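Visitor: The primary structure of each chain is shown beneath.
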Amino acid sequence: MTTMKRRFVKTVLAAATAAAMLLLVGAAEAQEIQLTGPLKGAPAVRRLRLYRQGRMEIAPSVSFTLLDEYRRTILMGGQLNYNILDWLGIGVWGAGGAISTTTDLTDRIDAVAPRDPLTATNVNHSLAPSGGRASFADQTAQISWVLVPQLTFIPFRGKLAIFNKIFVDTDFYISGGPSFVGVQERQNCGGAGEPLCSNPKSFTLTSNTKIFATGAVGLTFYPAGVWSFGVEYRALPFWWNRAGFDSRGAGPNGNFPDQQVNDKDATFKFNQLVTIAIGFYIPIAPKLSD
Amino acid sequence: MMQARRWLLLSAALVLTPHPAYAQQKKKPPKAAAAPAPAGPAQAPPAPAAPPPAPVNVDADADQPAAQPGAAPAGGDQKSTAEGAAPGAGGETAGVVDICQVTPDAPQCQLAKEVNLATEAKKPIRAEIYAVQQQYVIKARRLEIVPYFAITLNDQFVSHNAPGLSLNYYITQVLAVGVTGNWYQGLNADSDFNFQNRRAARIAVPLNEYQVSGDFNFTYVPMYGKFAGFGDFIFHYDAYIDGGVGLIRTRPIAVIDPDNRKFDWNNLINFDVGIGLRIFFNRWLAATLEIRDIMYFEKIENKDIANGPAITSGPGYGNSPLNPQTWYDQDTHFTNDVQMQVGLSFLLPTSFEYRLPK
Numbered sequence: 011m012t013t014m015k016r017r018f019v020k021t022v023l024a025a026a027t028a029a030a031m032l033l034l035v036g037a038a039e040a041q042e043i044q045l046t047g048p049l050k051g052a053p054a055v056r057r058l059r060l061y062r063q064g065r066m067e068i069a070p071s072v073s074f075t076l077l078d079e080y081r082r083t084i085l086m087g088g089q090l091n092y093n094i095l096d097w098l099g100i101g102v103w104g105a106g107g108a109i110s111t112t113t114d115l116t117d118r119i120d121a122v123a124p125r126d127p128l129t130a131t132n133v134n135h136s137l138a139p140s141g142g143r144a145s146f147a148d149q150t151a152q153i154s155w156v157l158v159p160q161l162t163f164i165p166f167r168g169k170l171a172i173f174n175k176i177f178v179d180t181d182f183y184i185s186g187g188p189s190f191v192g193v194q195e196r197q198n199c200g201g202a203g204e205p206l207c208s209n210p211k212s213f214t215l216t217s218n219t220k221i222f223a224t225g226a227v228g229l230t231f232y233p234a235g236v237w238s239f240g241v242e243y244r245a246l247p248f249w250w251n252r253a254g255f256d257s258r259g260a261g262p263n264g265n266f267p268d269q270q271v272n273d274k275d276a277t278f279k280f281n282q283l284v285t286i287a288i289g290f291y292i293p294i295a296p297k298l299s300d
Numbered sequence: 093m094m095q096a097r098r099w100l101l102l103s104a105a106l107v108l109t110p111h112p113a114y115a116q117q118k119k120k121p122p123k124a125a126a127a128p129a130p131a132g133p134a135q136a137p138p139a140p141a142a143p144p145p146a147p148v149n150v151d152a153d154a155d156q157p158a159a160q161p162g163a164a165p166a167g168g169d170q171k172s173t174a175e176g177a178a179p180g181a182g183g184e185t186a187g188v189v190d191i192c193q194v195t196p197d198a199p200q201c202q203l204a205k206e207v208n209l210a211t212e213a214k215k216p217i218r219a220e221i222y223a224v225q226q227q228y229v230i231k232a233r234r235l236e237i238v239p240y241f242a243i244t245l246n247d248q249f250v251s252h253n254a255p256g257l258s259l260n261y262y263i264t265q266v267l268a269v270g271v272t273g274n275w276y277q278g279l280n281a282d283s284d285f286n287f288q289n290r291r292a293a294r295i296a297v298p299l300n301e302y303q304v305s306g307d308f309n310f311t312y313v314p315m316y317g318k319f320a321g322f323g324d325f326i327f328h329y330d331a332y333i334d335g336g337v338g339l340i341r342t343r344p345i346a347v348i349d350p351d352n353r354k355f356d357w358n359n360l361i362n363f364d365v366g367i368g369l370r371i372f373f374n375r376w377l378a379a380t381l382e383i384r385d386i387m388y389f390e391k392i393e394n395k396d397i398a399n400g401p402a403i404t405s406g407p408g409y410g411n412s413p414l415n416p417q418t419w420y421d422q423d424t425h426f427t428n429d430v431q432m433q434v435g436l437s438f439l440l441p442t443s444f445e446y447r448l449p450k
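Chains A and B, in that order, are what the protein sequence lines are. Numbering-wise (my numbering), the first sequence opens with residue 11 and increments by one. Numbering-wise (my numbering), the second sequence opens with residue 93 and increments by one.
Source of the hints: derived by calculation from the structure; they are not laboratory data. Computed from a predicted structure; not experimentally measured. Each hint should be verified, as a subset may be incorrect.
[Stated by the list, open to error] With a straight-line Cα cutoff of 35 Å, these simulated DSBU-like cross-link-like pairs (lysine-lysine) come out:
hint	chain 1	residue 1	chain 2	residue 2
1	B	K395	A	K279
2	A	K279	B	K354
3	A	K175	A	K220
4	A	K175	B	K395
[What the hints assert, rightly or not] To give an idea of the chain A side of the interface with chain B (calculated C-beta under 7 Å), a few residues:
hint	residue
5	Y80
6	T129
7	N132
8	G168
9	G259
[As the list claims (entries may be wrong)] Which stretches of chain B does chain A cover? Using the computed rule of at least three CB atoms under 8 Å from a CB of chain A, they are:
hint	stretch
10	288–301
11	313–320
Cβ coordinates follow ideal geometry from the N, Cα and C atoms, glycine included.
Excised from the complex, chain A in its bound form (with noise of 0.2 Å):
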C-alpha cells in the first residue's frame, strides 16, 4: 500500500468516527409552542359528511365533444363507482355516442369542395344513391362508444356559497384510467387487397377500437345526501383519422399523401368533453367523521 492509500484510508476512517461520535449527540430541538382554546389539536375539518366513503355512486350521465374539427357527438352514458375512502374511489365510466352533428366545416367541404381527380382519394365524388353528390359528412369519423375503467382521487373537500344564501358541499376530483374507445372511420384502402382509395366504395366506414389513456377533473355538488349534480372536463386523447383523408405516408417524414389510407393518416387528437352526472348513492345517508 502507497503512503497515499494508507493516508487516504486513515482519514476515512477517522471521518467515520468522527460522524459517528457526533451521531450520538442529541437531536437539536426548537421551542415547543403549546397552543391552547378549542382549536388545540383539532383537525382542519370536524363532523365532516363523508358522501363518498363507503358509498356505490351511479351516475347517469351525458356529454359533449369539444373543439371537434368535423363531427361533433353527445354521448349518453353513466358511471359506476365505489368509493373505498372519502378521497379514493374505484369505478368506470361508459356512454354511447347517441346524437352525432356536423360542423360548419364539414358542411362547407360537403357545399363547395370540388370532386374531381385531385380530391379523388379525399372526397367522395360518386353519385349517391339519391340523385345528389356523396356527403362529405358520411366519410368523416365518429365515436361510438367509450369505455374507461377508472381510478378517482378526490383531493380538495370543500363549500360553495352561491348568492349569500345558498351553500352547498362540494368536491373536487382528479380521475384516470385506461381508454377504450369505439370509432367509426374510413376504411383502409390503396394498400394491398384493398379497394382503390378514389373508388366510392372505399368512402365507407369501418368500426376499430382505440386504446389509449383519459384523464378528468371534475366537480361534485352536493345539495343532498343521497344525490349529486358534477360537472366534468376530460381529455380523451388518441390517433384517429377524423376527415378519412390520405394526408401522409410518402415524401420526407412521410408528410405527404401516398395514395393510400391507413394508420400513417391517423392523427393525434387531444379529444375533450365536458360530461353533466347526477349521481345516485347507497346507502342513502352519508356518514359523518369525528
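Add chain B to chain A, keeping to what the hints say.
Guide: What follows is chain B alone, placed relative to chain A:
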C-alpha cells in the same frame, strides 16, 4: 496520521459540548403540589394552591399583562367584562373599572350597569352561524391587477394566444368595474390542420389575425367558498362572471389571393362575457382561471377574386383584383373567440380590516 488525530480530537470536543442546539430545555412534567406561581408579574407572591403553569397562548395579545390565576383571560373584548369578570380582578377588568371611575358615561360603563346577566341568560338564543364566516378576502374598495395569458380554445385554423392585463376596482364586495386588454400581434399561428385541409379538399378557409383588444367590464362575484385540501389545509376561492364592451383590431390573412391582397387592421366593436375562478394564496394574491368569449362581427376575405383587369385606377378599377373594395366578403360574420385565461390576481392595498369581529 496527524490528520486523523486532528479529526478525533475535533470529534471528542464536539461530544463533550452537550446539547449545544437546544433553544429550550425539555419541560419536566408539572408537580401539582409544588408548582410555582404562573406567568404573572415577576414579584407576584407564590400562590399556595396554584394550578399548573399556564401554557403559551399565541392568541393572547402580547401587550396585555398576563392575568392572575382565576382572573378573566387576556385578549377578550369588552363584553367579557360585563358578562362575568369581577371588578378588580386584574387584567382588562381592572382597566374598565379605572375608565369608569374617570368617565362614568363611557359606553362600556353604561353597558355594565344595564346588563342583568340572570335576565339575559333566560332569553331564548337564536344563534345564526354562517356556513362561511367572515369572507377570507375583502375586495370592496380594492384594486385588482390581473396579468394573464390567454389561450384560444375554439379556433382550429388560427390560434390567437395573447398576454393580457385586467384592472378592476371593486365598488362593493361583489361588484367591480374595470378594463382588460390583450395583445395578439406576433402570436397568431396558422395551424397544420388548416394546411392539411386545404391540400386534401382544395378548399380555402378565410383566416383572420388579431392585433389588440380592449374592453370595459363589469365583474360580479356571486359565489365563494373554501376547500380542505387532503383534509389538512384550507384554501379559499370565489367564482365570478364578467362582461362588457370594447374594441378589437383584426384583419384577414390573405389566403384566397395572397399576391394582390394586403389587408389593413379594422377596428371592430366587440362584446365579451366570461366566467372565472380565483383561488387565494393569501389575502392579496390569487391564481385566476377564466373562460372568456369575445364576440364580434368579423370582416373576412372574399372567397371570390374579382375577374377584371389588374389595374389600380381607371374605368375598370371597380372590378379589379387590386381594388381593396373587392377583397372583403360582403357579409360580416358573427365570430366567437373563446379564450382560457390563466393569471395572477394582485389586490391592492394588500391589507384590510374587517368591519365586524369574527
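Visitor: Regarding the pair K175 (chain A) and K395 (chain B), is the alpha-carbon distance no greater than 35 Å?
Guide: violated, 54 Å
Visitor: Tell me if Y80 (chain A) is really an interface residue toward chain B, meaning its C-beta lies closer than 7 Å to one of theirs.
Guide: At 10 Å from the nearest chain B Cβ, Y80 (chain A) fails the 7 Å test, so the hint is violated.
Visitor: Hey, does the G259 (chain A) contact hint survive, CB to chain B under 7 Å?
Guide: Since the shortest Cβ distance to chain B is 13 Å, the answer is violated.
Visitor: Mind checking the alpha carbons of K279 (chain A) and K354 (chain B) for me, to see if they're no more than 35 Å apart?
Guide: holds, 34 Å
Visitor: Interface hint check: T129 (chain A), Cβ to nearest Cβ on chain B, cutoff 7 Å. Holds or violated?
Guide: holds, 5 Å
Visitor: Under 7 Å is the threshold here; is the Cβ of G168 (chain A) close enough to any Cβ of chain B for the hint to stand?
Guide: holds, 3 Å
Visitor: Compare the distance between the alpha carbons of K175 (chain A) and K220 (chain A) with 35 Å, and conclude whether the hinted pair is satisfied.
Guide: Roughly 46 Å separates the two Cα atoms, so the pair is violated.
Visitor: At a Cβ distance under 8 Å, does chain A reach at least three residues of the stretch 288–301 of chain B?
Guide: Satisfied; 8 residues make the cut.
Visitor: How about the stretch 313–320 of chain B: do at least three of its residues have a C-beta closer than 8 Å to a C-beta of chain A?
Guide: The restraint on the stretch 313–320 of chain B holds, since 7 of its residues have a Cβ under 8 Å from chain A and three suffice.
Visitor: Taking only the CA atoms, is the gap from K395 (chain B) to K279 (chain A) under or equal to 35 Å?
Guide: At roughly 29 Å apart (the allowed maximum being 35 Å), K279 (chain A) and K395 (chain B) satisfy the hint.
Visitor: Checking hints one by one. Is N132 (chain A) an interface residue toward chain B, by the C-beta closer than 7 Å rule?
Guide: This interface hint holds because 4 Å falls under the 7 Å limit.
The structure fails hints 3, 4, 5, 9 (numbered hints given earlier, in ascending order).
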